[in-house]
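Work the whole structure out from these sequences, hints included.
Protein chains in written order, with the numbering used here: chain A, 1 to 257; chain B, 1 to 402.
No lab work stands behind these hints, which were simulated from the structure alone.
The beta carbon of each residue, even a glycine, is placed where N, CA and C say it ideally should be.
Some clues are possibly wrong.
[As the list claims (entries may be wrong)] Label-pair restraints from in silico Cβ distances:
hint	chain 1	residue 1	chain 2	residue 2	range
1	A	103	B	283	40 to 46 Å
2	B	24	A	27	41 to 47 Å
3	A	27	B	276	52 to 58 Å
4	B	385	A	229	45 to 51 Å
5	A	56	B	333	50 to 56 Å
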Amino acid sequence: MENSTEALVARPTDKVLIYHLRDVVRTREAEGTAFRLRVPSLQIAMGEKIALIGHSGCGKSTLLDMLAFILQPTESGAFRFRPERTDDPIDIAAYWDKSRQNRLGDLRKKYIGYVMQTGGLVPYLSVRDNMSLSRNLLQMPNNDMAVEELASHLGIRRHLDKFPSALSTGERQRVAIGRALAHRPSIVIADEPTASLDPIAAEKIMNLFIELVDELNITVIVASHAWRHIKKLGLRQLSHRTQRTSDGKLTETVVTG
Amino acid sequence: MAHLSEAFRLSGKDYLREWRISGSFIVALAAVLGPMMVLFGLKFGVIGSMVDELVHDPRNREVLSQGSGRYDLPWIEKMAQRPDVAFIVPRTRRIAADMQLASKVSNKIINVELIPSGAGDPLLEGLGALPSGANQIVLSELAAQKLMVKSGDTIDGSIARMFRGKAERQHLDLKVVVVAPAALFNREAAFVAVDLLQAVEDFRDGHRVASLGWDGVEAPGERIYPGFRLYAKTLDDVAALQKEMIAQGFQVRTRAEDIAVVKDMDRNLTLVFWVIAVIGLAGFALSLGASLLANVDRKRRELSVLRLVGFHTGDIILFPVLQSVFTGLVGWFLASGIFFGVSFVINKLFADQLAEGQSVCRLLPEHFIVALVLTIAAAVIAAMLGGLRASRIEPSEGLRDI
Numbered sequence: 001m002e003n004s005t006e007a008l009v010a011r012p013t014d015k016v017l018i019y020h021l022r023d024v025v026r027t028r029e030a031e032g033t034a035f036r037l038r039v040p041s042l043q044i045a046m047g048e049k050i051a052l053i054g055h056s057g058c059g060k061s062t063l064l065d066m067l068a069f070i071l072q073p074t075e076s077g078a079f080r081f082r083p084e085r086t087d088d089p090i091d092i093a094a095y096w097d098k099s100r101q102n103r104l105g106d107l108r109k110k111y112i113g114y115v116m117q118t119g120g121l122v123p124y125l126s127v128r129d130n131m132s133l134s135r136n137l138l139q140m141p142n143n144d145m146a147v148e149e150l151a152s153h154l155g156i157r158r159h160l161d162k163f164p165s166a167l168s169t170g171e172r173q174r175v176a177i178g179r180a181l182a183h184r185p186s187i188v189i190a191d192e193p194t195a196s197l198d199p200i201a202a203e204k205i206m207n208l209f210i211e212l213v214d215e216l217n218i219t220v221i222v223a224s225h226a227w228r229h230i231k232k233l234g235l236r237q238l239s240h241r242t243q244r245t246s247d248g249k250l251t252e253t254v255v256t257g
Numbered sequence: 001m002a003h004l005s006e007a008f009r010l011s012g013k014d015y016l017r018e019w020r021i022s023g024s025f026i027v028a029l030a031a032v033l034g035p036m037m038v039l040f041g042l043k044f045g046v047i048g049s050m051v052d053e054l055v056h057d058p059r060n061r062e063v064l065s066q067g068s069g070r071y072d073l074p075w076i077e078k079m080a081q082r083p084d085v086a087f088i089v090p091r092t093r094r095i096a097a098d099m100q101l102a103s104k105v106s107n108k109i110i111n112v113e114l115i116p117s118g119a120g121d122p123l124l125e126g127l128g129a130l131p132s133g134a135n136q137i138v139l140s141e142l143a144a145q146k147l148m149v150k151s152g153d154t155i156d157g158s159i160a161r162m163f164r165g166k167a168e169r170q171h172l173d174l175k176v177v178v179v180a181p182a183a184l185f186n187r188e189a190a191f192v193a194v195d196l197l198q199a200v201e202d203f204r205d206g207h208r209v210a211s212l213g214w215d216g217v218e219a220p221g222e223r224i225y226p227g228f229r230l231y232a233k234t235l236d237d238v239a240a241l242q243k244e245m246i247a248q249g250f251q252v253r254t255r256a257e258d259i260a261v262v263k264d265m266d267r268n269l270t271l272v273f274w275v276i277a278v279i280g281l282a283g284f285a286l287s288l289g290a291s292l293l294a295n296v297d298r299k300r301r302e303l304s305v306l307r308l309v310g311f312h313t314g315d316i317i318l319f320p321v322l323q324s325v326f327t328g329l330v331g332w333f334l335a336s337g338i339f340f341g342v343s344f345v346i347n348k349l350f351a352d353q354l355a356e357g358q359s360v361c362r363l364l365p366e367h368f369i370v371a372l373v374l375t376i377a378a379a380v381i382a383a384m385l386g387g388l389r390a391s392r393i394e395p396s397e398g399l400r401d402i
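Have a look at this one:
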């Protein structure tokens, strides 16, 4: 655990913090029990590869959703996002306060790629259209073979004109990774991207994912419950601990890093 | 703009992908809208041809004077100036308004009633000629048949009187300028200028007719007419004219009641039609609305994914709205097809009883446009609830449903 302000000063000046969170809390209450995720301090530098390891239900998804601006923090001391080295940090907490959902959507569209645990593909769009979803919204050109090249890397080029329902689970996850990367976001957030696969396929796809992210120089945050092969990929792990109050009514996870 | 076009494209793909559901809603709409269009087409066609007939038959605009009144020329001229009067001619006494006609080719001599006519007579309009002066005549078809003459022929007209104790007869050469078909007038009659009618009456009364060289005593004072032939400008003027003239003490007869019956029927059938149409469209809108609402719940995850990749709230609302508009558009198209098919069959069935160009079941282009506008409006209203529900989907909610 480190003090956030000291950490900010201590880091080399050429490091740009893509995320800077301080005292961000998300509380969820259901049927007499409450769950709380607390982030006293979190700083992620541009280009970093981050792993968030923990058993399911510990709050990994909650943190990732907040980092993707699809879940509003209950409280936030500071929540800043700086996707461009040359621009000033953006005050995400202020956008939430003003309910500027569309503005958050625009940031997500441009800077964030999100890979879900299972698919999250649009069933009525072909693999090509699914992968081009963000590119089309951003009016990026369709003729530069970027999607085809990415599909080749991911080994799904021959499936480009198929619909997701015709693919295996592993192939769908490759498409999901492709969609998250196709528009060259600043950061990719992946929530247990290989959890639904068998261990051998999971390792293969995870390796491929990290390889691509490395190659494209994209910041990445991966949540996983399996540390074993994540460690081999050289990711920085965020530390967290979960504790339950004596009466069992509140479960709190604290994440720092 | 990228958002709008993408929302349009994606909702269209979704719509096509679920063609079974989309198709059944299109068929459901056409099943409501098609029969409604046929029903309105029938109402419009049947009532339309009845109104057409009323409008096109000048006899429906006639205001007939009844019995024997006393009308002078200034009154007739004043009536002719009125904006709601298309045509008026004075009538002479009926007892003096007949003539014996004979032709060289027929051995029949017939006695016909003389009807006053003149420029602008709606009854003879379209025949191409009107009688003027004392030597022209328009024969009714029945009279022309008996005399075996056609337009252009000259016939002999004669009138008789008892004058100063002895019988006298005067003959006139009359040129048949045109024959009026039986559909216009189905008695033996002749239309002549008012001048000739007045001469005939004067002769019978023993008055001198200087223009024709007929001897007699000088006519006393101003002429009084017992009646007139009057045509109102439009159908709508008939009832008012009748009411006004009766109020003035004149006895007149019109077909105002027949006109009123058709108009009442039109109004009542229109009302019935709209009641059916509103119930039908509202029912359709309700079922479409409920299904779109269920659709939004069913597609929660997909819509969440779209929000995740950056679609705005407004784009998401567009999804059910656009799909609803697609249904409205295609359903309307199909309903129009149903209408064309059914109206073709109906018109074929009634073809024998219809005049050329008439149809029992028909719609004007603007009726199709009104149907389209109403359908799209109902569809958009139906989609509003679904759209509202869709807009409230939080991206994080729906993502991990499964």
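Verification of the hints:
{"no.": "1", "hint": "A:103 to B:283: 40 to 46 Å", "result": "holds (42 Å)"}
{"no.": "2", "hint": "B:24 to A:27: 41 to 47 Å", "result": "holds (45 Å)"}
{"no.": "3", "hint": "A:27 to B:276: 52 to 58 Å", "result": "holds (56 Å)"}
{"no.": "4", "hint": "B:385 to A:229: 45 to 51 Å", "result": "holds (48 Å)"}
{"no.": "5", "hint": "A:56 to B:333: 50 to 56 Å", "result": "holds (51 Å)"}
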